[in-house]
Amino acid sequence: MKSSDIPSAQALQDEVLLKPGITLQAAPDVTVVTVCFNPLKAGRQDLFAKNLDSVQQQTGVLVEHLIIDGASTDGTLEFLSKYRNDNCDIRILSKPDSGIYDAMNRGIALARGKYVTFLNSDDYYHRPDGLALSVKALDESGCTFSFAPIKPEGSPFLHRLHRHPERHLHRILIFPAIPHQSMLYRRTALMETDGYDASYRMGGDHELTLRLIARGNRACFVDTPFVTFALGGYSTQDAALKLREKERRVRRFHEEVFHIQFTDAEIETLVRHYRYPRRYLHIYVESQKLIDRTFVGIPQSLSLRLLQSFNYVKYYLKCVLGI
Numbered sequence: 461m462k463s464s465d466i467p468s469a470q471a472l473q474d475e476v477l478l479k480p481g482i483t484l485q486a487a488p489d490v491t492v493v494t495v496c497f498n499p500l501k502a503g504r505q506d507l508f509a510k511n512l513d514s515v516q517q518q519t520g521v522l523v524e525h526l527i528i529d530g531a532s533t534d535g536t537l538e539f540l541s542k543y544r545n546d547n548c549d550i551r552i553l554s555k556p557d558s559g560i561y562d563a564m565n566r567g568i569a570l571a572r573g574k575y576v577t578f579l580n581s582d583d584y585y586h587r588p589d590g591l592a593l594s595v596k597a598l599d600e601s602g603c604t605f606s607f608a609p610i611k612p613e614g615s616p617f618l619h620r621l622h623r624h625p626e627r628h629l630h631r632i633l634i635f636p637a638i639p640h641q642s643m644l645y646r647r648t649a650l651m652e653t654d655g656y657d658a659s660y661r662m663g664g665d666h667e668l669t670l671r672l673i674a675r676g677n678r679a680c681f682v683d684t685p686f687v688t689f690a691l692g693g694y695s696t697q698d699a700a701l702k703l704r705e706k707e708r709r710v711r712r713f714h715e716e717v718f719h720i721q722f723t724d725a726e727i728e729t730l731v732r733h734y735r736y737p738r739r740y741l742h743i744y745v746e747s748q749k750l751i752d753r754t755f756v757g758i759p760q761s762l763s764l765r766l767l768q769s770f771n772y773v774k775y776y777l778k779c780v781l782g783i
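Going by the numbering used here, the sequence shown opens with residue 461, and the numbers climb by one from there.
If you're looking for bench data, these hints aren't it; they were derived computationally from the structure. Source: prediction; values computed, not measured. No residue lacks a Cβ here, since even glycine has one placed at the ideal position from N, Cα and C. Be aware that a few hints might be false.
[Stated by the list, open to error] Here are the simulated EDC-like cross-link-like pairs (lysine to aspartate or glutamate), alpha carbons at most 20 Å apart as the crow flies:
| hint | residue 1 | residue 2 |
| --- | --- | --- |
| 1 | K702 | E726 |
| 2 | K611 | D513 |
| 3 | K542 | D513 |
| 4 | K479 | D589 |
| 5 | K574 | E600 |
| 6 | K510 | E538 |
[Said to hold, decoys possible] Here are the in silico distance ranges between beta carbons for each label pair:
| hint | residue 1 | residue 2 | range |
| --- | --- | --- | --- |
| 7 | D683 | F770 | 13 to 23 Å |
| 8 | E613 | T519 | 36 to 46 Å |
| 9 | S763 | S464 | 39 to 49 Å |
| 10 | D474 | F539 | 19 to 29 Å |
| 11 | E475 | R738 | 46 to 56 Å |
| 12 | S601 | T483 | 24 to 34 Å |
| 13 | Y772 | P556 | 43 to 53 Å |
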């Protein structure tokens, strides 16, 4: 078991800058963590402004906005100093980090909200009630984390893979089918699960989801898209590393939960083609039972039930036939 990658909040607190503006008189319901490094240099100033505005415009919940900056040199701090915040606190930590998941763990350490969510600097909320809807779903269900569909920047349509995330849950143990931008987590669960594994360069959000599932946490679906995200990013730039890290986290999950060890050839087939080895077909069946126990609030219309059954049978036959 690895030691926690979440740093001591006390070690960071003295370096946090509080943006002048409103000061919350009570503990926030939600902490929105935005990790950034030279967003202006990347030409994302307008999207960053949308990000900040969208957090300020959230209604129905008390929100704080944590900006975890990796010591940007492009004028990011000057840009933030001129930004007007009237509806929620903005707190800023600007210091070098060892990568995005190290920065996100700093956000967990500093968060004061009951729930924590991560909104990239080029993503934003397009509904002012999005966070409130997620908090309501979490409070009513008692779940550890929530998720919702998302929409790409510049498109009126939901993302193809995330139009109906519930349709892809049958392979969530292999494929990152949940859009992390829409996920809210109970902060206590993030602390208990040791936050993000900072040894990952990409896919650490999926690895965290797998760890939460392995420890019996449940998730609720919020059937309201409220996040717009920018396409591209680091995770699209190194396909070989992306595949190696996927093999690593999927292998570790199956070893911990199902006590099986795949050969290199088997794990490669599994993560490339989502096909369980024939000798482990019973694990695919067990994985679907685990998914059913984990995820609540999934739409239960007849058409969706038929689609989910079709997907299940299709992938089962794919494993049997080896195609």
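Results for each hint:
1. K702 <-> E726: Given pair K702, E726 holds - Cα atoms ~17 Å apart, limit 20 Å.
2. K611 <-> D513: Holds: K611 and D513 sit about 18 Å apart, inside 20 Å.
3. K542 <-> D513: 13 Å, holds
4. K479 <-> D589: Given that 20 Å is the threshold and the Cα spacing comes to 24 Å, the pair is violated.
5. K574 <-> E600: Given pair K574, E600 holds - Cα atoms ~14 Å apart, limit 20 Å.
6. K510 <-> E538: Holds, at about 17 Å.
7. D683 <-> F770: 13 to 23 Å: Since D683 and F770 have Cβ atoms about 21 Å apart, the given range 13 to 23 Å holds.
8. E613 <-> T519: 36 to 46 Å: The hint (36 to 46 Å, Cβ to Cβ) is violated, given that E613 and T519 are roughly 23 Å apart.
9. S763 <-> S464: 39 to 49 Å: Holds: the Cβ-Cβ distance is about 44 Å, inside 39 to 49 Å.
10. D474 <-> F539: 19 to 29 Å: Distance hint for D474, F539 holds at roughly 23 Å.
11. E475 <-> R738: 46 to 56 Å: Once the Cβ atoms are compared, 54 Å apart, the range 46 to 56 Å for R738 and E475 holds.
12. S601 <-> T483: 24 to 34 Å: 32 Å, holds
13. Y772 <-> P556: 43 to 53 Å: 47 Å, holds
In summary, the numbered hints that this structure violates are 4, 8.
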